[in-house]
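J.: My request is simple: use the sequences and hints to build the entire structure.
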Amino acid sequence: MAATRTVRVRVNGTLHEREVEPRLLLSDFIRHELGLTGTHVGCEHGVCGACTILWNGEPVRSCLALAVQADGAELETVEGLAPDEERLHPVQAAFVEHHGLQCGFCTPGFLMTVVAFLRENPDPDEAEIRRAISGNLCRCTGYVNIVKAVKHAARSLRARAPAGASAAPAGR
Amino acid sequence: MKPFAYTAATSLDQAQEILSEEWGSRLYAGGTDLLTLTKRGTVSPDHLVDIKGLADFRYLRHLTGGGLAIGALTTLAELEANRTVHRRFPALARSIAVTGTPQLRNRATVGGNLCQQPRCWYYRGDFPCLLHGDEVCGAAKGENAYHALFGYESADGNRCVAVHPSDPAVALSALEAEVVVAVPGEAPVNWEATPIDDLFQQPTKDFPGTTILNPGDVVVEIRVPEQPKGSRQVYLKAMDRAAWAFALVSVAAVATLDGNRLADLRLALGGVAYKPWRARHAEEIARGHVVSPELVDEIVELAAEGAMPLGANEYKVPLLKGLVRQALRAVTDESRGI
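Heads up: the sequence lines are chains D and R, in that order. Quick note, the first sequence lines up with residues 1 to 172 if you use this note's numbering. Quick note, the second sequence lines up with residues 173 to 510 if you use this note's numbering.
A couple of the hints might just be wrong.
Heads up, incomplete: computed chain R residues facing chain D, CB under 10 Å, no partners named [what the hints assert, rightly or not]:
(1) Y200
(2) L235
(3) G272
(4) T273
(5) Q275
(6) P300
(7) L303
Derived contacts from chain D toward chain R, CB cut-off under 10 Å, selection only [unchecked claim]:
(8) R23
(9) G42
(10) E44
(11) W55
(12) E58
(13) C63
(14) V68
(15) Q69
(16) D71
(17) P83
(18) T113
(19) N145
Calculated directly from the structure, the hints in this document are not laboratory data. Just so it is clear, CB atoms sit at the ideal spot from N, CA and C, and this is done for glycine as well.
T.: See the structure below:
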């Protein structure tokens with residue numbers, strides 16, 4: 001076994017430190033080391049998008065990155081979206097309300113992709129939405145209700161944002 | 173994956189030293205290609221040398237004379253979002269927008285995109301492949317629907333018939349870009365710029381590699397020269413689905429019109445050879461001629477000149493011609509009768 005390395009990473013605001021093998025994938029680190037199993041692993045080779053997380057605010061595929069690379073990074077996973085046990089994030093609420101999911105396996109990846117997308121583009125048209133979710137596969141819905149959910153989520157996020165506030169994350 | 177050592181390089185020198193001295197070490201940046209290969213066991217590195225953190229190679233700089241220098245560790249997403257790229261190099265901007273998915277473009281670097289490995293299933297599966305060190309290219313006489321039309325003398329299996337998967341490489345070829353390669357031990361002033369087409373080589377039994385790079389060589393910069401005043405650019409990509417696929421065929425065209433006359437035309441074809449394939453004969457014939465339906469027909473025919481379908485990829489010839497015709501329409505004025 002190759003020498004382990006220390007990874008310090010902030011996930012949903014909480015700092016974690018672990019000793020890991022260099023070959024450990026970031027997706028497996030999040031699920032097995034941190035116990036955050038909301039990040040799903042589908043194809044495991046960068047095609048399906050189920051494992052999408054935010055890395056310093058940008059959506060990336062956690063199955064195509066090593067945990068050691070995330071040392072020092074700020075990550076967000078689906079567990080960090082809802083403000084508390086009772087309430088859902090507006091994007092989650094929109095997916096529920098507009099049937100943006102059936103089996104739900106792809107949903108965490110969609111949610112993370114959409115959350116980052118709406119921070120950058122709070123008022124997208126349908127073509128922009130479809131482009132934004134082009135890296136996430138859903139085998140149940142046919143995407144129609146997902147697109148609808150994204151439109152409604154954008155609307156409720158805009159209604160919530162204080163006037164003049166920028167929804168864009170830092171660093172882009 | 174087999175265990176491997178990992179170094180987050182703190183300087184290019186450190187990375188190059190490991191890469192040139194340790195057999196089994198591999199350069200690593202975005203990881204979006206290498207990890208897919210490592211997971212399948214196609215590549216089994218002993219040591220990954222991660223240069224992604226070298227901020228010195230992540231930049232966009234204006235060159236004197238109007239061109240653009242792109243640090244090789246710039247991500248595709250950063251390039252895609254850059255206004256200069258959009259305004260002055262729209263073919264490059266488009267080629268990036270149709271590469272992979274948003275999630276991949278956030279991680280993938282432009283240097284890595286150029287140095288990625290073929291998507292050939294003989295290479296990525298456990299099948300005969302020159303890149304595995306086998307005697308023959310299995311695709312030459314096998315399942316070759318996604319393979320080359322150009323660049324090999326005969327389909328005898330002695331030459332790799334995989335195509336280069338990069339979209340930006342094709343646009344960069346039409347833009348006559350150069351790549352700067354850092355050679356271990358050489359001072360930066362001695363780093364040489366090479367025309368992008370010359371970065372790639374066709375794998376053979378004796379030289380089973382896809383680029384001219386030696387161990388420790390690193391692509392550090394891409395230089396895109398200023399384009400002729402008034403030139404128009406386009407990048408068109410044919411895929412077998414609407415998103416997130418490699419090109420069946422792609423075309424990058426840069427045209428400079430002087431009134432009705434084509435003062436200059438550059439046509440680079442993707443998905444058809446081990447490198448971006450320049451349709452040089454078509455470019456030559458076009459130069460200096462008045463745009464007409466006859467000239468367009470001639471350019472279209474010449475772009476496909478010398479195509480050698482392998483068996484299952486014959487469809488690429490008409491696809492290529494159709495795409496070249498569309499590209500010509502886009503970069504010339506339709507009112508001139510095309």
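J.: All the hints need checking, so say for each whether the structure fits it.
T.: Quick rundown of the hints versus the structure:
Look at Y200 (chain R): its Cβ gets to within about 9 Å of chain D, closer than 10 Å, so that hint holds up. Violation of the interface hint for L235 (chain R) is found here, the shortest Cβ-Cβ separation to chain D being roughly 25 Å, above the 10 Å cut-off. Taking 10 Å as the C-beta contact cut-off toward chain D, the hint placing G272 (chain R) at the interface holds, the least distance being around 7 Å. For T273 (chain R), the shortest C-beta to C-beta distance to chain D is roughly 3 Å, which falls under 10 Å, so the interface hint holds.
For Q275 (chain R), the interface hint holds, the least distance from its beta-carbon to any beta-carbon of chain D being 5 Å, beneath 10 Å. A cut of 10 Å between beta carbons decides the hint on P300 (chain R): the least distance to chain D is about 22 Å, and the hint is violated. Annotation: L303 (chain R) was flagged as interfacial toward chain D, and the flag is violated, the nearest CB pair being 19 Å apart, outside 10 Å. With 10 Å as the threshold, the beta carbon of R23 (chain D) comes within range of chain R, its nearest partner Cβ sitting at about 5 Å, so the hint holds.
This hint is violated: G42 (chain D) has a C-beta 13 Å from the nearest C-beta of chain R, more than the 10 Å allowed. Because the smallest distance between the Cβ of E44 (chain D) and any Cβ of chain R comes to about 7 Å, under 10 Å, the interface hint for this residue holds. Given the 10 Å rule on beta carbons, the hint for W55 (chain D) holds: about 7 Å separates it from the nearest Cβ of chain R. Against a cut-off of 10 Å between C-beta atoms, the interface hint on E58 (chain D) holds, since the closest Cβ of chain R lies about 4 Å away.
Among the interface hints, the one on C63 (chain D) holds; its C-beta lies about 8 Å from the nearest C-beta in chain R, closer than the 10 Å criterion. For V68 (chain D), the interface hint holds, since its Cβ comes within 10 Å of a Cβ in chain R; the closest pair sits about 5 Å apart. The interface hint given for Q69 (chain D) is met, as the beta carbon of that residue sits about 6 Å from the closest beta carbon of chain R, less than 10 Å. Using the Cβ-Cβ criterion of 10 Å, the hint placing D71 (chain D) at the interface with chain R is satisfied: the shortest such distance is roughly 7 Å.
Violation of the interface hint for P83 (chain D) is found here, the shortest Cβ-Cβ separation to chain R being roughly 25 Å, above the 10 Å cut-off. A distance limit of 10 Å between C-beta atoms decides the matter here; for T113 (chain D) the minimum to chain R is near 7 Å, and the interface restraint holds. For N145 (chain D), the suggested interface contact is broken, since its CB lies about 19 Å from the closest CB of chain R, more than 10 Å.
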